[in-house]
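Colleague: For the protein sequence lines, the chains are A and B, in the order given. Quick note: the first sequence, position 265, residue 1401 per our numbering, numbers continuous. Quick note: the second sequence, position 279, residue 1461 per our numbering, numbers continuous.
Bear in mind the hints are in silico, worked out from the structure with no lab data behind them. One or more hints might be untrue.
Computed list of chain B residues with no C-beta within reach of chain A, every gap over 12 Å [stated by the list, open to error]:
1. 1206
2. 1224
3. 1246
4. 1389
5. 1394
6. 1492
Covered stretches of chain A, going by a simulated chain B footprint (3 or more residues, C-beta under 8 Å) [said to hold, decoys possible]:
7. 1307 to 1318
8. 1328 to 1342
9. 1458 to 1466
All figures in this text were calculated on a predicted structure; none of them were measured in a lab. Think of the CB as a built atom: it goes at the ideal place given N, C-alpha and C, for glycine as much as any other residue.
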Amino acid sequence: MEPIIAELQSQFGVEQIVPQAGRDGIPTAWIPRSMILDVLRYLKSVDKPYRMLFDLTAIDERTRRHRRGQPAGDFTVVYHLLSFERNEDIRLKAALEGEEPEVPSATGIWASANWYEREIWDMFGIRFEGHPHLRRILMPRDWKGHPLRKEHPARATEMGPFTMPEEVHDYREKILQFDPEEWGMVRRKGESDLMFLNLGPQHPGTHGPFRIILQLDGEEIVDMVLDIGFHHRAAEKMCERQSWHTFVPYTDRIDYLAGVQNEFSYVQSVELLAGIRVPDRAKVIRILMAELFRIISHLVWYGTFAQDLGAMSPVFYMFNDRERALDIVQAVTGARMHPGWFRIGGVAQDLPQGWDRQFRDFVKYLRPHLDEYDGMVLKNRIFKARTQGIGQYTIDEAIDWGVTGPGLRAAGLEWDFRKQRPYSGYDQFQFDIPTGKNGDCYDRSVIHVEEMRQSLWIIEQCVDNMPEGPYKSTDSGSVPAIKEKTMQDIETLIHHFLGVSWGPVVPPGEAITQVEAPKGCNAYYLISDGNTAAYRARIRTPSFPHLQMIPLFSRGLLVSDLLAILGSIDFVMGDVDR
Amino acid sequence: MNEIARTAITIVVLLAALMTVAAGLIWVERRLLAVWQNRYGPNRVGPLGLFQVVADMIKIFTKEDWIAPFSDKKVFIIAPAIVFVAVLSAFAVIPFAPGIAVAELDVGLLFFLAMSSMSAYSVVLAGWASDSKYSLLGALRATAQMLSYEVFMGLSLMGVVILTGSFNLRHIVEAQEGMWFCIPQILGLLIFLGAGIAETHRAPFDLPEAESELIAGFHSEYSGMKFGMFFVGEYLGVTLISAMITTLFFGGWLGPFFPPIVWFVIKTSVFIAFFVLLRASLPRPRYDQLMSFGWKVMLPLSLLNVLVTGAIVLWRST
Chain A
1137 MEPIIAELQS
1147 QFGVEQIVPQ
1157 AGRDGIPTAW
1167 IPRSMILDVL
1177 RYLKSVDKPY
1187 RMLFDLTAID
1197 ERTRRHRRGQ
1207 PAGDFTVVYH
1217 LLSFERNEDI
1227 RLKAALEGEE
1237 PEVPSATGIW
1247 ASANWYEREI
1257 WDMFGIRFEG
1267 HPHLRRILMP
1277 RDWKGHPLRK
1287 EHPARATEMG
1297 PFTMPEEVHD
1307 YREKILQFDP
1317 EEWGMVRRKG
1327 ESDLMFLNLG
1337 PQHPGTHGPF
1347 RIILQLDGEE
1357 IVDMVLDIGF
1367 HHRAAEKMCE
1377 RQSWHTFVPY
1387 TDRIDYLAGV
1397 QNEFSYVQSV
1407 ELLAGIRVPD
1417 RAKVIRILMA
1427 ELFRIISHLV
1437 WYGTFAQDLG
1447 AMSPVFYMFN
1457 DRERALDIVQ
1467 AVTGARMHPG
1477 WFRIGGVAQD
1487 LPQGWDRQFR
1497 DFVKYLRPHL
1507 DEYDGMVLKN
1517 RIFKARTQGI
1527 GQYTIDEAID
1537 WGVTGPGLRA
1547 AGLEWDFRKQ
1557 RPYSGYDQFQ
1567 FDIPTGKNGD
1577 CYDRSVIHVE
1587 EMRQSLWIIE
1597 QCVDNMPEGP
1607 YKSTDSGSVP
1617 AIKEKTMQDI
1627 ETLIHHFLGV
1637 SWGPVVPPGE
1647 AITQVEAPKG
1657 CNAYYLISDG
1667 NTAAYRARIR
1677 TPSFPHLQMI
1687 PLFSRGLLVS
1697 DLLAILGSID
1707 FVMGDVDR
Chain B
1183 MNEIARTAIT
1193 IVVLLAALMT
1203 VAAGLIWVER
1213 RLLAVWQNRY
1223 GPNRVGPLGL
1233 FQVVADMIKI
1243 FTKEDWIAPF
1253 SDKKVFIIAP
1263 AIVFVAVLSA
1273 FAVIPFAPGI
1283 AVAELDVGLL
1293 FFLAMSSMSA
1303 YSVVLAGWAS
1313 DSKYSLLGAL
1323 RATAQMLSYE
1333 VFMGLSLMGV
1343 VILTGSFNLR
1353 HIVEAQEGMW
1363 FCIPQILGLL
1373 IFLGAGIAET
1383 HRAPFDLPEA
1393 ESELIAGFHS
1403 EYSGMKFGMF
1413 FVGEYLGVTL
1423 ISAMITTLFF
1433 GGWLGPFFPP
1443 IVWFVIKTSV
1453 FIAFFVLLRA
1463 SLPRPRYDQL
1473 MSFGWKVMLP
1483 LSLLNVLVTG
1493 AIVLWRST
């Protein structure tokens, strides 16, 4: 048993804390509903504390078959905490009985629990006592039912045809109207009337359908309410009906700028569940493509951020460069932004002939160009004036709100999942983790740019040291089985046939893998019930907590600053709403 | 009689030329930006894409001209016309070449300043009449920006006036026979340039529009030809400021070999291209930064410029 579980048992009683074995090695324990807050508080203040609420989600257990050794219950809430000092996580689960169970809200311990709890209420119908604004967050306000409950239909064919007559349209518009009183906001401050400005969901500065309602005094931001969910496609629900194999392309669309970076976490979680070993060549190919996509994603960020600040030209240069990178992606995978190219057990094909030259040329091309862009953007005095000291947060605030990725490093914490928890062989590579000091918009920009240089370095190492060998595992469960063998070998043919027609069966279990995606930590928490599809898939994305934090460091600034902050955070709404 | 006919012809020719230039600038700006941004720009319609202008014109004239139902309709309609009229009137005093000017006013420079101030009304009224929050914010920014930069614009030109001893633009050009004023009045030139960009609210001082923040700022609610008026008004403003820089600091029509009018056109074109280059290269400062730059840097500098120029002129004359 892990030491932290033993510590919890000695603190709260052996009967109360029931450990559960997992495939991912994260200490997991069941705790009674009544003790949730005590245990969370204890873990947050314990020696070498678990300071980050990494994820908070729920599982509908009502139709699950393989639950041996787990307490009975209709629903489960799962708290995933992260300790930077220990470099260790802990997963706490609480079983809940009944159709609409209640749980005490953790918003008093982590303010970041706010959105997570609203999401659980929205998706599962689990209520949180003491939550300040428990209302739907992703679904429309008038939605009937809670989508991630098992009885909720998953396909359009299970529901009546969709129509939107005029009355419904008008009604939908009406319920979107903002009512300040509902959020405890005042309309007047002293002598002046406050203005409520609706920014988005269609606005050039919000990078996707994201709505911010600003409470303004002149141009100064007094407070704001964030409204998300316009990009919600229920990816988690889709994962419950796609086969393990056919869900891969869906992951691309989560952070739609980062392509294979999404697949990375997903296939690794499945491999962990199914016990598939990935050959070295496949691992390095994955890193190669993932780093290329990090550059692609960062280039988009670079250009659009400059444009948010009114610089017109950089975006054209960066998109031009990104196009070169996408050409390589196209040569390797056949697709551009959403290749759907990682497979359970490896990648879809071997690298094409001449791939190394293309990568080398790209590295050689981009390096001097990045230096040139420094002069155009980062060293520009107006750019500095617009970003330095704007949107600042400290390391403690960042950790408390669940910030990962460049945003966390900009505040000064040297934390990169590729270094701290190397996956897919990242420990074999040399690269630095750039960190900032001030945690402002400028530091976040510098770190993004520096990360591109580091990625170029990693790509070079991949090109120089690409191992020989198969590009896909031959373990059973790896899908689809290697095509060339299917015509020679009856075993492989059967595997191929089953994997493609029905889908691979993954043994029951739970696993999460964390990946350092361009925007922060991406993690797929997959639960298999021994079936051809996931029983529950939780997609923990970095942008969701990042957005939640915006009001904290935007109050008192001007509207222009808010746009700088939005640009510097580097989010896409697909990554927030899933 | 002869005099009147002459003026009438000048006016007609000037109007025609200016409208062509303003429309042509759409193409020029897009092509130039494309060059600096590593792309092609409009190159499909006609030779070098020149007929793009015609296509744009047809489009903008035939577009639905939507008047926001919640707006103050009369003001909403008048606002775009103001900028147009004001800028065109200002061209009346510019001496394009010896003898080619609509009106040779002895207070030509003051007339130019007055007319360019008028265009501030256009932006403010448009933003106010639209009755939209984004337009309002844009109009508020425009008011503050244009009023403050008005001050330095006027002050920055006083050096030129002191050196010439006249507000008459023809006299100012003639006074530059020996040396262009861009050398003794370099400070005045820089301040006028900054104020000119702010006055025409071109990037990087395009805060009243600030497309990534305020959608389109003061003209968010405008469409069709009313939007087109703002659009053309902006290009006319750029042409006006460039022509003024030429006249006041770069010797107007003066220059060897070519006829005077050619020199004037060449010089003005260079400054127009410079305006486009600025747009292509700089990010936009924040509203309060722009204001504090104006009042804390531009104002003292322009006052200093007047003081030093005045002192030197006095010292020389004694």
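Colleague: Each hint needs a verdict: does it hold in this structure or not?
Modeller: Going down the list of hints, with the structure as the test:
| no. | hint | result |
| --- | --- | --- |
| 1 | 1206 | 21 Å, holds |
| 2 | 1224 | 15 Å, holds |
| 3 | 1246 | 19 Å, holds |
| 4 | 1389 | 8 Å, violated |
| 5 | 1394 | 5 Å, violated |
| 6 | 1492 | 32 Å, holds |
| 7 | 1307 to 1318 | violated (count 0) |
| 8 | 1328 to 1342 | holds (count 6) |
| 9 | 1458 to 1466 | violated (count 0) |
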